[in-house]
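Take the given structure of chain A and dock chain B to it, following the hints.
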Amino acid sequence: MSASTGPFKDFFIDFQRCIGCQSCVAACAECHTHRGVPMIRVDRVDPARSPQTVPMVCMHCTQPTCANSCPADAIKKDENGIVHSAQKPKCIACHNCELSCPFGIPQIDDVQLLMQKCDLCFDRTSIGKKPMCATVCPSGALFYGTKEEIAALRPQSQPVNRWRFGRQQIETRAFVMVPHGVDEMRVDWDEETVLTQITLPAPEPATTEPTEERQFL
Amino acid sequence: MAKLTLPIDEYIRLYGPHISDSPVSGWENKPEPEKLVKTHCCFCGMQCGIQLAVSNNRVIGFEPWEEFPFNEGRLCPKGVKRYMQSNHPDRLTDPLIRTAHGFRKASWDEALDLVVSKLQSIQQKHGNNAFAMMSGVSLTTEKSYLVGKFARLALRTANLDYNGRFCMVSAGGGNKKAFGIDRTANSWVDIPKAEVVWIAGSNVSECFPTLNHYIWRARDCGAKLVVVDPRVTPIARTADLHLAIRPGSDSALNQAILHELIAHGDVNQAFVDQYCTGWEELRDSVATCTPEWAAEICGIDADLIRQAAHLWGGAKTSFLLHARGIEQHTKGVENVLSNINLVLATGRIGREGCGYGTITGQGNGQGGREHGHKCDQLPGNRDIENPEHRAYICKVWGITDEELPHKGKTAVELFEAVDTGEIRGMLNICCNPAVSHPDTNFLRSCLEKLEFFCVIDFFMSETARYADVVLPGSLHEEEEGTSTSAEGRVCRIRAAVPPPGNAWTDTAILLEIARRLGREQYFPYTDNEQIFNELRVASHGGTADYYGITWKRIEEEMGVFWPCPEMGHPGTPRLFEDLKSYHPDGKFHLYPTPYRPSYEMPDKDYPFWLTSGRSVFHYLSGTQTRRIKFLVDKFPGPVCEMHPALAQRLGFVDRQLVVVETRRGQIVVPLQVTEAIREDTLFIPYHWSEKLAVNQLTVRALDPISKMPEFKTAACRVRAATAAEAERLRSDYKNLRIEAGTV
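Going line by line, the protein sequences match chains A and B. Last residue of the first sequence: number 217 in the numbering used here, and the count goes up by one each step with no gaps. Last residue of the second sequence: number 743 in the numbering used here, and the count goes up by one each step with no gaps.
Isolated chain B, as found in the complex:
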């Protein structure tokens, strides 16, 4: 059974996170690099080009890659310090098997024998679907495709899902409904050509720092900036209009904006009539959605809504961007559609300077969500329940329809099935739900119920502590492959060094498990390029069509934008230039998005809004960034932002320790009193684990379409921490800064 067999402090002492702050060579003896390897950052969907400096098979530093066209050498601090994850003292280099007191090292044979025997025994007793797989999109596109095929053909389970379910599936859901394709509609070069840049629910400055340059280039040319966010983020600080709405009120705001566009004749009627469906229904749905109506729901001034509508309505060119702030809701898909409606109503899409896009959050959040990583998906962004789609993939994979599982459970549903005993075993790669899953107290109880749990990771993540077997996989810089950036550009990821010690590449681990399961005939690859070439064929004819993209082309052209359906096709930086969607009818689909409340609304017991997000210094569950001293020094642990007016009302002062509570759990945090947040809303970033995880507080309620949990709103209350609570927090905080080599 997957249970902790050591106190948490002991796991930290043995496996970290420890912080490390110098190149593996030390500063004094840092050698000249033998080579600079052109690759991409392992963090975030920008996929900035970077050169890793290598000496003696070790990554010893970095050098900006100024020729790469997206970022021209620009990097965020995570990218700059990323190389310090390589050769990190916490790096797992041997397979581990859990004992009554932690873990012991094991040979690959012993560890894999155990994995395969447990897997087979669970599947024989409870059926194939009782063994599930969870994955993540920090993996390359090759590995994402391989995981999709591995789960269906080697594990023969329907139950595969991935951490994009916690990230941006609502954007994908909305994009598919409106456009029939799940990709940002333009390359970022259209941003500087826009008269108005509209950013809804994205802390661009902290989550996508290098994208700021494009927004500023637009402003250098006189563009106006509208930011919709409950917080004054660094980008919101400079906005021409900042709409600091209540968390979860986005669709109401957008309904009112549309109401104003209609009232002032700012709708592009010719475009809507000729190229869209659903206009009358949408128009009628906002008939009573006045700015005053929305102002009440959104908690902002009605005039501000009018000004924003006027700015949007009067623009000739524009770019609308959104991210997790509108997507991580039980109405995430509706929020996305309500933003798309503003784009389509003005017809500003498919041409220069007229753009729309979700800003994908994870490193390969785009490429990793296209080729069968999701429970309902097959390569090329095909539908696993569509008979034609199934037939095509069956042909590529050389199997019959009976051999291809059907739709499985989504991530949260998958853990709920662990809770009910329907799922008994799990293989987890590249995912740390102990931090990133909502309601982590529930999640941990699920992990404890697993009869067998195997984790593939390069560090001992908080999730891996629960594993029966931990297999040491590879870092981003240890395997060849590709990723696809948030703008749809397929990029080449290069191996700078081999995995250290007894660690294997993730690909080698999956292929060996498949072999031991007797399924090697479906996985005949001798290198990762062969996987990509199979993916090209498997994606051919789907919306995410990679057929014309080769590794060689990517290298020569510094990336190729999909769809690229034929050899010699130039790729597609800008979608919809023919003003046709990817739906069979070729039309853009408009949907009414009537406002409805969030799953949990503040009440007398829990009177405030709680929202969560990222810091610029950390990435996702922090498994990597919480091990790099510079990043930890700048942002060691969670803090709670609170407006001074609320702090005064409650009798709190800056830096005081408070307890924030929801119906699911509580967190002790230092306050950061700042005017840069709404008076009724608290904000806590989510990168930490256990007692420092804001996800102890978040709700498991899901969007009905995308199955995205509602990370962005919960009802909370707050009180002063007791002396005992403060003491425990001090101890937890101290654990965040243990230097490598000091224990």
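Isolated chain A, as found in the complex:
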């Protein structure tokens, strides 16, 4: 489904383009509504092996697991498909949303006792601007526009918004860019794939005995 109604357009993430610069994080924090607190983060995938990083931002699920698991009914999806932060009077900071989101996005602010998350830069996108993160992203890992625009710009890849986490199927408002021929992102954590896909930790080093106790910061 496409939620490009009214002034709103679609959000695309191309993980392979991420260069780890955290410009999205820096810019998100500048928003008037959340005053220095970013609603996006950049994760390092396996820093011991590779500089690969990925921007992690709300995918705005069609059937949001966070909202479905909220016992206080504090998380709402609006008519534009945007899933908003928890409503302050209702949120009981129970962490259900944090635990249930398959993407690991919602986070409870333990001072405010409130779940805050990306609302697709509602104050910008509702007046036809791009979200801050997708405006500044220097590598194009984050893109805001129409499917037609991204198809014309990036003929080597295509957007998908269907996910499978084990038995849970999810459709998201945000898309990820994948090679042609891929129609679904599968994260199947059954026993077999766990055993074949997880990289084992590197063997404990120290072939020579340290002359004295190791020092750390």
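Wrong hints could be hidden among the right ones.
As the list claims (entries may be wrong) - Heads up, simulated DSSO-like pairs for lysine-lysine below, C-alpha to C-alpha not over 27 Å straight-line:
{"no.": "1", "chain 1": "B", "residue 1": "K316", "chain 2": "B", "residue 2": "K604"}
{"no.": "2", "chain 1": "A", "residue 1": "K147", "chain 2": "B", "residue 2": "K193"}
{"no.": "3", "chain 1": "A", "residue 1": "K76", "chain 2": "A", "residue 2": "K147"}
{"no.": "4", "chain 1": "B", "residue 1": "K177", "chain 2": "B", "residue 2": "K587"}
{"no.": "5", "chain 1": "A", "residue 1": "K129", "chain 2": "B", "residue 2": "K35"}
{"no.": "6", "chain 1": "A", "residue 1": "K147", "chain 2": "A", "residue 2": "K129"}
{"no.": "7", "chain 1": "B", "residue 1": "K629", "chain 2": "B", "residue 2": "K38"}
{"no.": "8", "chain 1": "B", "residue 1": "K193", "chain 2": "B", "residue 2": "K35"}
{"no.": "9", "chain 1": "A", "residue 1": "K129", "chain 2": "B", "residue 2": "K177"}
{"no.": "10", "chain 1": "B", "residue 1": "K193", "chain 2": "B", "residue 2": "K176"}
{"no.": "11", "chain 1": "B", "residue 1": "K449", "chain 2": "B", "residue 2": "K407"}
{"no.": "12", "chain 1": "B", "residue 1": "K407", "chain 2": "B", "residue 2": "K177"}
{"no.": "13", "chain 1": "B", "residue 1": "K30", "chain 2": "A", "residue 2": "K88"}
{"no.": "14", "chain 1": "A", "residue 1": "K147", "chain 2": "B", "residue 2": "K224"}
{"no.": "15", "chain 1": "B", "residue 1": "K105", "chain 2": "B", "residue 2": "K118"}
{"no.": "16", "chain 1": "B", "residue 1": "K587", "chain 2": "B", "residue 2": "K193"}
{"no.": "17", "chain 1": "B", "residue 1": "K176", "chain 2": "A", "residue 2": "K129"}
{"no.": "18", "chain 1": "B", "residue 1": "K580", "chain 2": "B", "residue 2": "K177"}
Hints in this document: simulated from the structure, not taken from any laboratory.
What follows is chain B alone, placed relative to chain A:
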């Protein structure tokens, strides 16, 4: 004498760096901006367009400038948070004079009287050239031109040089030899049209984040990417071919690539014969440079070299980019020429999708290096020893040839002359050699020998701590002017706010010193546009010709590419479209670049390679970025990258504190164990000072042509830190994160 009169910790307590993390208004009371000022980022040669949000004469935030064609709103985190340098608590707002215990505030009159009297006394006793000037290319082009004229006509010294000597002079040297002009040959719009993008020695993703978009646009169209780098940088991670060569082996690699191009008939013989000189000599010079020969020197597989040669040889269009990784060597110019040879041998230059360029590192690294900022240069990239060039500039400046000094010393030579007593005094603007000079322990000893040292800066840099007088100058957002981006586009820098407190603009300071030296007749400017208009005339007829560029045109056209020799000329985004170089013979010049070892090669005492570079979160010597909390949080201090195989062999673990040592000094750093680096090479970024400066370890050896120091290779060894060393590092690290207002 220029000496520290306080403990380092005390300078930090008084003047920072402190970290600051909110707009001057605070987050809660942040007002709506009264205006958005369209200008450019003060960091790096991309010169991204940005809008600064201003309220009540204060910069309170930013807004992307999506209409600016190069970056269309895209920014790196330094650009996003840059506005926090404005109104920073560490900002210098009064002239300072050194006392027996630090500094005291002084009036401008007192401070400038002292500067002028010391300057005159040194010059009377030891000659005009005993007083030197060091400058930098974060300055606008107007200020760079002014510094060039100021040093020659107000200070009347030959000894002016600039921090580009630590940055990309080898690229300029190579470009001038091959092309007769020092500029990237194409605008970046040719990158997405290339079939192969070749990046040699540039961590594009961290040093030039917004350029990544152009590389990815090429890949969106199916382009192949080749990256030559000892590290798996974020851009190298995605490359089709990553040639992780040993630091300093670039010319050997390129000789072998050329050998393969010749062997497989991939040389554009018609182009080489018609438009180049030196082909036979170059061809013969690589006759024995097989991939196996190079593989031995470069420490990579010969087949990988063949694959890269095949990819390059078979392309119809291409763009070759390089940066400091190949340039900061004692053979930097040769490395540059060896890359240019690959471009010229295939004839892929001067047309759509066929490009070449060095990626200029500093904000105005391009514009600032064209108009007399260098010790051997006059405006328009003229040669200070060329009689015709001198005559033209003498006419523009209204002086005789006798009044125009000749070639002075280059940056490192200049400090070496301080060491020997030949140079006694120095004025330093926009440069922090205490961090950015190689072999900083030597550099500090030179600063201590200066009889008089004056620094113009907006923060108390580690260099300024040594000054007798510190004059508070202006930030980028406090003065009108222009800069020229790495693609040769002249951009308008706008003043968003005036300098705060008693701070003056850099221009006002230089003009006032000139006046007090009785030289005001040469500096009759009432605004910076007049300086630009004089520069236009002074550059006219030189290779870097700005004559047809006006501030108004830059604003209306969102930048103009030089050369632009006449009014109404459209500017020149792509050089060499007529397949002519800027040499008198119009030919592209090929030069053999036989591989030779670096100044220092690993041996049994110092068995590993040490290389240095940048982090995406910091800019140059860190004077600005080490004061912004977001950037410091993300990358607080130096770390040393080491491959796990080497770490295991040496018995080290991730995050362990180690001591990396060279023949010049040592640094205590936490290890970052990662497979993203060669097993024989260590990497440490360079943005920090004193005991945290990797430049304590680097060598002062220079490229014979460009006089560029060899920042990119040194022989090092490594051992575990002792408890005492670790304790000191913890204290130094703690000092990096002192929040403003907490002391």
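Verification of the hints:
no., hint, result
1, B:K316 / B:K604, "violated, 46 Å"
2, A:K147 / B:K193, "holds, 23 Å"
3, A:K76 / A:K147, "holds, 25 Å"
4, B:K177 / B:K587, "holds, 11 Å"
5, A:K129 / B:K35, "holds, 18 Å"
6, A:K147 / A:K129, "holds, 17 Å"
7, B:K629 / B:K38, "holds, 25 Å"
8, B:K193 / B:K35, "violated, 38 Å"
9, A:K129 / B:K177, "violated, 48 Å"
10, B:K193 / B:K176, "holds, 26 Å"
11, B:K449 / B:K407, "holds, 24 Å"
12, B:K407 / B:K177, "holds, 19 Å"
13, B:K30 / A:K88, "holds, 22 Å"
14, A:K147 / B:K224, "holds, 25 Å"
15, B:K105 / B:K118, "holds, 18 Å"
16, B:K587 / B:K193, "holds, 26 Å"
17, B:K176 / A:K129, "violated, 45 Å"
18, B:K580 / B:K177, "holds, 14 Å"
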